[in-house]
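All chains, please: the whole structure from these sequences, using the hints.
Just so you know, the sequences run in chain order A and B.
If you use the working numbering, the first sequence corresponds to residues 1 to 114, in order.
If you use the working numbering, the second sequence corresponds to residues 1001 to 1112, in order.
The set of hints was computed from the structure by calculation and includes no laboratory data.
For every residue, glycine included, the Cβ atom is placed at its ideal position computed from N, Cα and C.
Hints may contain errors.
As the list claims (entries may be wrong) - When the alpha-carbon atoms are kept at most 30 Å apart in a straight line, the in silico DSBU-like pairs for lysine-lysine are as follows: (1) LYS1022/B / LYS1071/B; (2) LYS1058/B / LYS1022/B; (3) LYS20/A / LYS1071/B; (4) LYS55/A / LYS1042/B; (5) LYS14/A / LYS1042/B.
What the hints assert, rightly or not - Pulled a few chain A residues facing chain B out of the computed Cβ check, cut under 7 Å: (6) ILE12; (7) SER43; (8) LYS66; (9) LEU68; (10) ALA72; (11) GLY99; (12) PHE105.
As the list claims (entries may be wrong) - Pulled from the structure, derived: some chain A residues nowhere near chain B, Cβ distances all over 10 Å: (13) SER18; (14) LYS20; (15) ASP27; (16) SER54; (17) LYS64; (18) ASP88; (19) GLN103.
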Amino acid sequence: GAVVSQHPSWVICKSGTSVKIECRSLDFQATTMFWYRQFPKQSLMLMATSNEGSKATYEQGVEKDKFLINHASLTLSTLTVTSAHPEDSSFYICSARQGAHEQYFGPGTRLTVT
Amino acid sequence: GENVEQHPSTLSVQEGDSAVIKCTYSDSASNYFPWYKQELGKRPQLIIDIRSNVGEKKDQRIAVTLNKTAKHFSLHITETQPEDSAVYFCAASKRGTYKYIFGTGTRLKVLA
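Structure representation (structure tokens):
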């Protein structure tokens, strides 16, 4: 149980375009999902907390107009990177909260912006 | 906000030896501390966790200790094996936000 999927697993896009990443909890409902970004050889940095039916809460320094988050259902949250630039190239990982503190992580999406 | 420091950044041990990774957190309201193992290009995998009402927890070769007063917690791996080689992350979380603040990671190499 507690499986989280992400789609796509990798994506290449051109600078200036937008990319949407999906995060799904497959066998449980998640009122809260989290989005992280991980640069090579670095830690996971929390970008935002996604709450079903309400606006996402962004961490300090994360541009909410650039990283659009939509948590439209109890099993799906999406992250859209708008007007992507090469510096947005990274590994994006979502997690879904089940129970109190437990988070289950998706397999990640590797974004490359050319 | 919460800050989690992790040491060492790299650790090499001989197979069969023990490995210890230490973390310090800043927010005294933190009450949940998971440890994750991450292999290259993969998702983090939970290996053990501890809550603030417990001082120590063990699962086979892996143990975690927590010192709430000092705001320290540590991961202990005994009888290390080559397959333990990976990057390990600690994290801290608290009620209300339940978000994880991760440490900077420790790259563990177990030498055969």
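Hints and how they fare:
no.	hint	in the structure
1	LYS1022/B / LYS1071/B	holds, 11 Å
2	LYS1058/B / LYS1022/B	holds, 16 Å
3	LYS20/A / LYS1071/B	violated, 39 Å
4	LYS55/A / LYS1042/B	holds, 29 Å
5	LYS14/A / LYS1042/B	holds, 25 Å
6	ILE12	violated, 16 Å
7	SER43	holds, 5 Å
8	LYS66	violated, 20 Å
9	LEU68	violated, 19 Å
10	ALA72	violated, 21 Å
11	GLY99	violated, 10 Å
12	PHE105	holds, 4 Å
13	SER18	holds, 24 Å
14	LYS20	holds, 20 Å
15	ASP27	holds, 16 Å
16	SER54	holds, 14 Å
17	LYS64	holds, 16 Å
18	ASP88	holds, 18 Å
19	GLN103	violated, 6 Å
When held up to the earlier numbered hints, the structure conflicts with 3, 6, 8, 9, 10, 11, 19 and fits the remainder.
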